[in-house]
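Please work from the sequences and hints to get the whole structure.
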Amino acid sequence: MGRTSCRRFARETSGASALEFAIIAPLFFAILFSVAEAGWMMTRAILLDRALDLAVRELRVDSSDSLTADAVRRLICDEAMVIPNCARSIAVELSRIQSDADFPSASPTCVDRNAGSAPSPQFYGSARATIMLIRVCATATPLTPLLGMGLNMHKDGNDDYNLVSSSAFMTEPGT
Numbered sequence: 179m180g181r182t183s184c185r186r187f188a189r190e191t192s193g194a195s196a197l198e199f200a201i202i203a204p205l206f207f208a209i210l211f212s213v214a215e216a217g218w219m220m221t222r223a224i225l226l227d228r229a230l231d232l233a234v235r236e237l238r239v240d241s242s243d244s245l246t247a248d249a250v251r252r253l254i255c256d257e258a259m260v261i262p263n264c265a266r267s268i269a270v271e272l273s274r275i276q277s278d279a280d281f282p283s284a285s286p287t288c289v290d291r292n293a294g295s296a297p298s299p300q301f302y303g304s305a306r307a308t309i310m311l312i313r314v315c316a317t318a319t320p321l322t323p324l325l326g327m328g329l330n331m332h333k334d335g336n337d338d339y340n341l342v343s344s345s346a347f348m349t350e351p352g353t
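For the sequence shown, position 62 (counting from the first letter as 1) is numbered 240 according to our numbering, and the numbering increases by one without interruption.
Please note that the accuracy of each hint is not assured.
Label-pair ranges, simulated between beta-carbon atoms [stated by the list, open to error]:
| id | residue 1 | residue 2 | range |
| --- | --- | --- | --- |
| 1 | 205 | 342 | 54 to 64 Å |
| 2 | 196 | 344 | 48 to 58 Å |
| 3 | 223 | 266 | 50 to 60 Å |
| 4 | 348 | 252 | 51 to 61 Å |
| 5 | 197 | 232 | 23 to 33 Å |
| 6 | 266 | 220 | 19 to 29 Å |
FYI, nobody ran anything at the bench for these hints, they're computed from the structure. All C-beta atoms, glycine included, are put in the ideal place defined by N, C-alpha and C.
Written as structure tokens, this is what we have:
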């Protein structure tokens, strides 16, 4: 290859834009998918909070012992529309709070989708004029688990992330 061929090759710019695209595109797509992932995760979290608020309304006024963990799970799943397989993806804890020491110090129990059985977190039926704490943990799969935000999320062994929602309330006094 002569000097003139080398100079001609050095002056050639026809592939410059393709090279720039190859360098910038992965970063652009990572940012784009991270924004979509964050928006979808926020949508799931907001609808889980809303579903829990509606379930708490029911729990506050219900005086029967018919509200079991499964019944509360159904109340939440009926409203949390964007959590796939909701009944198998959420765990519900309900505890009575009589003093500061009754607040749980551990993280809420979450569902492990690979486990053969669902977790059985603490669930105490509500009593009249009692302060109650309810915590819900929903397990969800990222939209893009191998790109952008989905790659850097704190995930469990199944590559799922957990959304936690909680609420404290006082049940209605008996008449």
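Unsatisfied constraints (hint numbers, rising): 1, 3, 4, 5
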